[in-house]
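2 protein chains.
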Amino acid sequence: MKTLILAGGVGKSLFPLSREQYPKQFLKFNRYSLFQMAVKRALKITSPMKTYVVTSNSQKFMVLDQLSEINADIELLLEPEPRGTLPAVYFGIKETDAKKVLVMPSDQIIENGEYLKLLRESEGLCKDYLVAFGVKAKEANPNYGYIKPGKAISGGYTIDRFVEKPEDAAALVSEGYLWNTGTYIFNSKLFIEECERFCPDVGMAFEKGVDFAYSALPRLSLDKEIMEKTRRGAVVQMDAAWNDAGSFDAIYELLQKDSNGNAIRGEFISVDSKNNVVIGDRLIATVGLEDTVVVETRDVILVCPRKEATKVREVVKILKGVNDKRIESHVTVYRPWGSYTVLEEGPAYKVKRITVKPGKRLSLQMHYHRSEHWVVVRGTARVTVGDREFILRNGESTFVPAGTKHRLENPGLIPLDIIEAQIGEYIEEDDIVRFDDDFGREKS
Amino acid sequence: MKTLILAGGVGKSLFPLSREQYPKQFLKFNRYSLFQMAVKRALKITSPMKTYVVTSNSQKFMVLDQLSEINADIELLLEPEPRGTLPAVYFGIKETDAKKVLVMPSDQIIENGEYLKLLRESEGLCKDYLVAFGVKAKEANPNYGYIKPGKAISGGYTIDRFVEKPEDAAALVSEGYLWNTGTYIFNSKLFIEECERFCPDVGMAFEKGVDFAYSALPRLSLDKEIMEKTRRGAVVQMDAAWNDAGSFDAIYELLQKDSNGNAIRGEFISVDSKNNVVIGDRLIATVGLEDTVVVETRDVILVCPRKEATKVREVVKILKGVNDKRIESHVTVYRPWGSYTVLEEGPAYKVKRITVKPGKRLSLQMHYHRSEHWVVVRGTARVTVGDREFILRNGESTFVPAGTKHRLENPGLIPLDIIEAQIGEYIEEDDIVRFDDDFGREKS
Numbered sequence: 206m207k208t209l210i211l212a213g214g215v216g217k218s219l220f221p222l223s224r225e226q227y228p229k230q231f232l233k234f235n236r237y238s239l240f241q242m243a244v245k246r247a248l249k250i251t252s253p254m255k256t257y258v259v260t261s262n263s264q265k266f267m268v269l270d271q272l273s274e275i276n277a278d279i280e281l282l283l284e285p286e287p288r289g290t291l292p293a294v295y296f297g298i299k300e301t302d303a304k305k306v307l308v309m310p311s312d313q314i315i316e317n318g319e320y321l322k323l324l325r326e327s328e329g330l331c332k333d334y335l336v337a338f339g340v341k342a343k344e345a346n347p348n349y350g351y352i353k354p355g356k357a358i359s360g361g362y363t364i365d366r367f368v369e370k371p372e373d374a375a376a377l378v379s380e381g382y383l384w385n386t387g388t389y390i391f392n393s394k395l396f397i398e399e400c401e402r403f404c405p406d407v408g409m410a411f412e413k414g415v416d417f418a419y420s421a422l423p424r425l426s427l428d429k430e431i432m433e434k435t436r437r438g439a440v441v442q443m444d445a446a447w448n449d450a451g452s453f454d455a456i457y458e459l460l461q462k463d464s465n466g467n468a469i470r471g472e473f474i475s476v477d478s479k480n481n482v483v484i485g486d487r488l489i490a491t492v493g494l495e496d497t498v499v500v501e502t503r504d505v506i507l508v509c510p511r512k513e514a515t516k517v518r519e520v521v522k523i524l525k526g527v528n529d530k531r532i533e534s535h536v537t538v539y540r541p542w543g544s545y546t547v548l549e550e551g552p553a554y555k556v557k558r559i560t561v562k563p564g565k566r567l568s569l570q571m572h573y574h575r576s577e578h579w580v581v582v583r584g585t586a587r588v589t590v591g592d593r594e595f596i597l598r599n600g601e602s603t604f605v606p607a608g609t610k611h612r613l614e615n616p617g618l619i620p621l622d623i624i625e626a627q628i629g630e631y632i633e634e635d636d637i638v639r640f641d642d643d644f645g646r647e648k649s
Numbered sequence: 206m207k208t209l210i211l212a213g214g215v216g217k218s219l220f221p222l223s224r225e226q227y228p229k230q231f232l233k234f235n236r237y238s239l240f241q242m243a244v245k246r247a248l249k250i251t252s253p254m255k256t257y258v259v260t261s262n263s264q265k266f267m268v269l270d271q272l273s274e275i276n277a278d279i280e281l282l283l284e285p286e287p288r289g290t291l292p293a294v295y296f297g298i299k300e301t302d303a304k305k306v307l308v309m310p311s312d313q314i315i316e317n318g319e320y321l322k323l324l325r326e327s328e329g330l331c332k333d334y335l336v337a338f339g340v341k342a343k344e345a346n347p348n349y350g351y352i353k354p355g356k357a358i359s360g361g362y363t364i365d366r367f368v369e370k371p372e373d374a375a376a377l378v379s380e381g382y383l384w385n386t387g388t389y390i391f392n393s394k395l396f397i398e399e400c401e402r403f404c405p406d407v408g409m410a411f412e413k414g415v416d417f418a419y420s421a422l423p424r425l426s427l428d429k430e431i432m433e434k435t436r437r438g439a440v441v442q443m444d445a446a447w448n449d450a451g452s453f454d455a456i457y458e459l460l461q462k463d464s465n466g467n468a469i470r471g472e473f474i475s476v477d478s479k480n481n482v483v484i485g486d487r488l489i490a491t492v493g494l495e496d497t498v499v500v501e502t503r504d505v506i507l508v509c510p511r512k513e514a515t516k517v518r519e520v521v522k523i524l525k526g527v528n529d530k531r532i533e534s535h536v537t538v539y540r541p542w543g544s545y546t547v548l549e550e551g552p553a554y555k556v557k558r559i560t561v562k563p564g565k566r567l568s569l570q571m572h573y574h575r576s577e578h579w580v581v582v583r584g585t586a587r588v589t590v591g592d593r594e595f596i597l598r599n600g601e602s603t604f605v606p607a608g609t610k611h612r613l614e615n616p617g618l619i620p621l622d623i624i625e626a627q628i629g630e631y632i633e634e635d636d637i638v639r640f641d642d643d644f645g646r647e648k649s
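Protein chains in written order, with this note's numbering: chain A, 206 to 649; chain B, 206 to 649.
Don't read these hints as lab results, they were simulated from the structure. Incorrect hints may appear among the rest.
To be verified - Straight line, CA to CA, 25 Å or less: simulated DSS-like cross-link-like pairs of lysine-lysine:
no. : chain 1 : residue 1 : chain 2 : residue 2
1   : A       : Lys516    : B       : Lys413
2   : A       : Lys512    : B       : Lys512
3   : B       : Lys462    : A       : Lys516
4   : B       : Lys555    : A       : Lys562
5   : A       : Lys512    : B       : Lys479
6   : A       : Lys522    : B       : Lys479
Could you build the full structure based on these sequences and the hints that come with them?
Next comes the structure, spelled out in structure tokens:
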């Protein structure tokens, strides 16, 4: 059996902490991100050789960073772009040529409990069934998938009914439905048969190649397209504590609380405040506030009652409607070579902090409309300006005139921080001409 | 009659918008600040020659800036430091040698109504009375002063009882008490007699000179020390809409509302939110939020239910207890020559945007522990580094090594903006040696 960790998701539910280019599975609420916790679970089931991360190019380097943080050396399967769970699993099966796959989401919280043991024991079941894993539904959450267990079979139950995001969640809870955890074990042959039955386009599209498939296919949900329709589903019930981390209210459960029940990340002053979620980089003060979510980032602040937290996606929808770039990325933008943070933007200037990882470099580039002043505030830079290449040390600076080829590189062993002041009549990111495509590759 | 506009107050009630060095009377919720509105009212009563602002040195340049914005050329009376309303009025009377004074607070909201007419008509009353001005008490606000009108006299009433911040506010409202607006008309002789009777220290301290008085005297409230005790008080009732701007809930009344009753300053996205106060520089998004205050500044965010807003001072108390500098000033610090904003602080560096007003300059100075890189992003600078003096234009930069005398000056006609990157093992503001004391004076 091979494990496919699905890490292509683009979460909207934890905005403004999560952005399109920084989905919730990479957020760290505790020591490890949800993604890292999923990888650690997976590696208890399958060896690194048989464990894969299915993600997209845009998230490649974030996945690599977080894997290296936990010293997990596993292979990436890169989708051209995220297109939902069905193409992701289909793609994973094709690329790994697996006979059996364990499909594991990377954006959920699972307190192990008997989870791992059950996964191992349930592998046999997938010979005749598409095997889902459920936990007892505890409240009427309309955003979850619900499974009605049918007749008992060895190690689980057949599936009588499988329904995503039902309108009558409350009724289903009382009828003893299970929540779908999004974890599956498939035998690939059976999975592909069911795809051909219920979603033939997928197979045909992949016949013509991966790139064709991803350009031709809409977003497709494994749950909706296959699991809701198949008659060959089975469910294994487990009693692990499960949480889809789908709202700040769900995150509240995950975080440590102070004596007043406030879940805090960052600097917080509380006057008569209880049971709040308070997450920020700057000082957040609350007075007489209860059961409320306060999340602040450098560019967006969110405030909402915890019970309304699932509606946060409405804010994202509104911003998307006006094509607001803030849903795409943070003020800090992560790149394969490091990151940059816009500290200030004026009418004809922009100030950035640029951090370059040891051994990384930016592409050789040029801007028509802006000149750049660089001041090294940490580490050592190798700089190319025109045909000169030289070293800049902490406290030194240089000037890059508009229209001049330049490159920034960190030849050292510690991160390089520079302050960049851009000046010009046009200072947008798209004023850039790149002269090589070794964007962020190791220099060597 | 001369008018004393009291502008020495240090408001804690509108933190984090107001700070010790940026009190609430200078905040602009609409086109004009509370202070500017007070000046405009005063100038309808007395001529500029007979109108004075009583303030302290620390607020001098802010007062001058806001006066010049409204082209009000009136004299400042500078207290060595703010010490409450009693010393301020006593000081004002001494300095102006006035026979009669109109005392006007600068941190309140008054919709004119018959206010000005009444003030003019009530001047005569001050021959025999310390004349206060009251409005009908509308609700049991424990932070206000309450006045019980006694027997009718021409143009007003004697004062039966005057009580600041009563515990039984509700009872007083039902008994028809008036709120004390803090506006007074005094005949100086009578005022000083009452001071000698109830607070003799004040007169004696001022006998020994202003500096002695301000070092010797505690904070003294005119209302508590004199008006609560005197038997020679009169009150004139007016029906002007009055608001002490003492909380964000009070400010709510002042601000324009959207169709959902949200009072907004800044960029706001509302999902099912109503009747909130939302003030910020960055995007604030609320979901299902009601009757709540959300105020964000570059360094502090405040969230509290509107009805709790008067408790915001508790936050200030907590920060003062740990000697937190954020209660003193904003990330943007205002100086006579302009302002600076800390954009980013790192372990051994600090990045600032420095704005110098046309014709202003900083003192000639030197730092032992840090070097400074300056990049001009707007305007033109005259720079002194060591014994060199030269011009820097938009887009140009220079370097000031540690231990080198330097000066920054704006010789031009538009504001000068520079980005300053400080680098050194110690980058606090107190590493500065000044070589002249023409701090911020007009160059000429």
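Now the hints, each set against the structure:
1. A:Lys516 - B:Lys413: Given that 25 Å is the threshold and the Cα spacing comes to 67 Å, the pair is violated.
2. A:Lys512 - B:Lys512: 21 Å, holds
3. B:Lys462 - A:Lys516: 24 Å, holds
4. B:Lys555 - A:Lys562: Since the Cα atoms of lysine 555 of chain B and lysine 562 of chain A sit roughly 21 Å apart, the hinted pair holds (cutoff 25 Å).
5. A:Lys512 - B:Lys479: With Cα atoms ~16 Å apart, lysine 512 of chain A and lysine 479 of chain B stay inside 25 Å; holds.
6. A:Lys522 - B:Lys479: 20 Å, holds
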